[in-house]
Amino acid sequence: MSVPNAEPLYLGIDLGTSRSVIAASNGVEAEVLSIVGWPKDFVAQRALGGREVLFGAEALEHRLAVELYRPLDNGVLRDGTPQDQRAVAALIAHLIALSQPEGRPLRVAVGVPAECLRINKLALRNAVALHAEKVVLVAEPFAVAYGLGALLHAIVVDIGAGTVDFCVMHGTMPGERELRSLLTAGNAIDRQLYELLRERIPEASLTLEMARQFKETYGFVGPNDHPIKVRLPVAGRLVTYDIAAELERACTHIVPPIVETLIDLIAAADPEYQESLRHNILLAGGGSQLRGLAAALTREMERFEPCSFRCVPEPIRAGARGALALIRDIPESFFSQL
Amino acid sequence: MTAHPLPTPSPGAMPAMPAVKETLWHGVVTQNLALVLSAAPQRPASAPAALAPARVRRLKPWLGAVLAVGLSLLPRPTGVHPFPTVAPPQSSVLSSGDLLAAAEVTIGPASWLAGDAIAAFQAAPESATSALSDTAARSPARLPIAALLGLSFRTLVIDPGHGGKDSGAVGPSGLREKDLVLDIAQRLRARLLQRDGYRVLLTRTQDVKMTLKQRVAFANAAGADLFISLHFNTLPQEHINLVETYYFGTEVDAVAAALVAQENRGSEFAAGDFRRVLARLGDTFKREESRALAHSLHQALLAAVGAHDPTRLDAGVKTAPFMVLLGLEAPSVLLEISCLSHPAEERRLADSAYREQLAAALERGLLAYLAPNAAPPVRERYWPSHALR
Chain S
31 MSVPNAEPLY LGIDLGTSRS VIAASNGVEA EVLSIVGWPK DFVAQRALGG
81 REVLFGAEAL EHRLAVELYR PLDNGVLRDG TPQDQRAVAA LIAHLIALSQ
131 PEGRPLRVAV GVPAECLRIN KLALRNAVAL HAEKVVLVAE PFAVAYGLGA
181 LLHAIVVDIG AGTVDFCVMH GTMPGERELR SLLTAGNAID RQLYELLRER
231 IPEASLTLEM ARQFKETYGF VGPNDHPIKV RLPVAGRLVT YDIAAELERA
281 CTHIVPPIVE TLIDLIAAAD PEYQESLRHN ILLAGGGSQL RGLAAALTRE
331 MERFEPCSFR CVPEPIRAGA RGALALIRDI PESFFSQL
Chain V
3 MTAHPLPTPS PGAMPAMPAV KETLWHGVVT QNLALVLSAA PQRPASAPAA
53 LAPARVRRLK PWLGAVLAVG LSLLPRPTGV HPFPTVAPPQ SSVLSSGDLL
103 AAAEVTIGPA SWLAGDAIAA FQAAPESATS ALSDTAARSP ARLPIAALLG
153 LSFRTLVIDP GHGGKDSGAV GPSGLREKDL VLDIAQRLRA RLLQRDGYRV
203 LLTRTQDVKM TLKQRVAFAN AAGADLFISL HFNTLPQEHI NLVETYYFGT
253 EVDAVAAALV AQENRGSEFA AGDFRRVLAR LGDTFKREES RALAHSLHQA
303 LLAAVGAHDP TRLDAGVKTA PFMVLLGLEA PSVLLEISCL SHPAEERRLA
353 DSAYREQLAA ALERGLLAYL APNAAPPVRE RYWPSHALR
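If you read the protein sequences in the order shown, they are chains S and V. FYI, the numbering for the first sequence is 31 to 368, going by this note's numbering. FYI, the numbering for the second sequence is 3 to 391, going by this note's numbering.
Keep in mind that the hints were calculated from the coordinates and are not lab data. Worth double-checking, as some hints may not be accurate.
Said to hold, decoys possible - Where chain S lies over chain V, by a calculated footprint (3+ residues, C-beta under 8 Å):
#	region
1	168–180
2	222–231
3	300–311
What the hints assert, rightly or not - SDA-like, lysine to any residue: derived pairs with alpha carbons at most 20 Å apart:
#	chain 1	residue 1	chain 2	residue 2
4	V	211	V	177
5	S	151	V	39
6	V	23	S	367
Predicted model only: the values in this text are computed from it and were never measured. In this text, a Cβ means the ideal position worked out from N, Cα and C, and glycines have one as well.
Take the sequences, apply the hints, and build the full model.
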């Protein structure tokens, strides 16, 4: 009979409004859409092979047979209703199960939005603590910075679906002055694109999910000299439309808030290090993959002062990996306090 | 996207990385300890009766009054949820059969991109607040919350954007946004001061750089009842001139939420219930009043700019949590008056008479909003149906 492994398993979790990612010290990494689905009735459950709950893309695929929940909004628990709490608890349990814990004690670091309220932090912490021996919460952009070793005179801009989070690193824990959150993020782009297309093509059958797909597939910021054609259902037939203008407009509208926030953060920083900050701005999160975003931000910031933007490698997983790196590095003696 | 190597700090000038990391570990543990301890149940105090009045005194008097009135006026929450709100089964314990194998789960190319038929997917509003605005847009003329609560607007803060080293947009012939907005703000202030009852302040009266935080702090310290931030747009398409207006988006007031959480500890109500009520009340007031103000100013600017440029586009009224709007307690809007990048518009802006007309339009829009029988807002609009290019 094998002896259970008593060595802790370290987990870094990025609970995102759109996607959740887990990175484990045993090498497992997984990424799941932040969607939970419960079968609508016994017929649906039978059709789904008897399963009581579905997650991620599978839940979305069977959306007609399940009640879908997106338990996170702007990076934190949506509204805090019992259904949302059950959904986020199920999502966290699913993520942890994906990491193959095999009965090992868990030590988990969870990334939260930069300006997360204490109430929301507690709710998330309590949900994770059901499974973990030790839990720490950290600001998501801070986790990204830690994982990349960008701890001195760097700014991390984590562009997610619910929030855009900012963190200024000066070699110490970022405080309120160094952390910001904007609510104009990926979901806002989806809504904007959806409204623009509905305005222009009212006869087309369009959904928010379709708008999100268009953004993720074709989204761009800045000049574009070729059409972007998609086929939309119109009265049961598929008609081709060029949506380049709407895509550009929708994707571009997150640029001004990001620029304004960066200007404010840099201006508030120690003047001796502002130049270093300007040339060490890191873009992370799914939104950083928008084509042309870094160039557009560079152009906009040039009107203020020249800045340099870089996209981190594998931006969607950077937060979870950073959280994992942090929880693994914290010495054992520190854990005794928690 | 190419990943570039991150710069490494020179060892002599920077603290050693292990020391930095240890500082960060301490910080993480300390913050989490504080979070855990703040959530611990309160030990009985030696004089618990004395504690309660102190907490009550910290509640702003106006907030208590507004709560009392607002709770009776608020509509029932619509309970809007992106998906049908059928309660899930009581047991959410996973069985081994429910678990998926560890795998990267990604969305493949959507079927409509490949030309297949699409199953309808409910496109509901993302949040209850969005649903609230949709309901307001469809409903007949609403009674302004400000009027219901007998609130008046006396202190008006006008914020000329940019300033100092931050020129803002620069037109083709060199006109700078920072100069234009300051000029128009001063003209607007002069007009408003001729009317009784208004205290009109500018966040800056000179060509100086002010951070967004400073602007917000100024307005909040001044007790602003309304906040209007003036800007000019710039577009790569020089042939386009447009007017667009932003107002405050959705947020939860952190101070109120934390205070309510303390107040409700030990009561029958969950902190979440009051948080939602407070958030809805505060959100509703600021959002609705900001929306009404935005529409009134937007219509006035459309007419003024359109009188000189019939081709000007209406980019509509939108929500946006710009930092300068986010921290304000008062209804607030941000105006992109017109496009400085449009050569003809820039030439008009060089003319003081045109700037005076714009100030007059802003005055009309503001007064139309402040008048008790102001017209209800029209539904937000976005781009017109024709293509940009």
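Going through the hints against the structure:
1. 168–180: holds (count 5)
2. 222–231: violated (count 0)
3. 300–311: Coverage by chain S is violated here, the residue count being 0 at a Cβ distance below 8 Å.
4. V/211 / V/177: Distance of about 17 Å is within 20 Å: holds.
5. S/151 / V/39: Satisfied, since the Cα-Cα distance of roughly 13 Å is no more than 20 Å.
6. V/23 / S/367: Holds - the C-alpha atoms of residue 367 of chain S and residue 23 of chain V are around 18 Å apart, at most 20 Å.
Hint check: violations occur at hints 2, 3; the rest are consistent with the structure.
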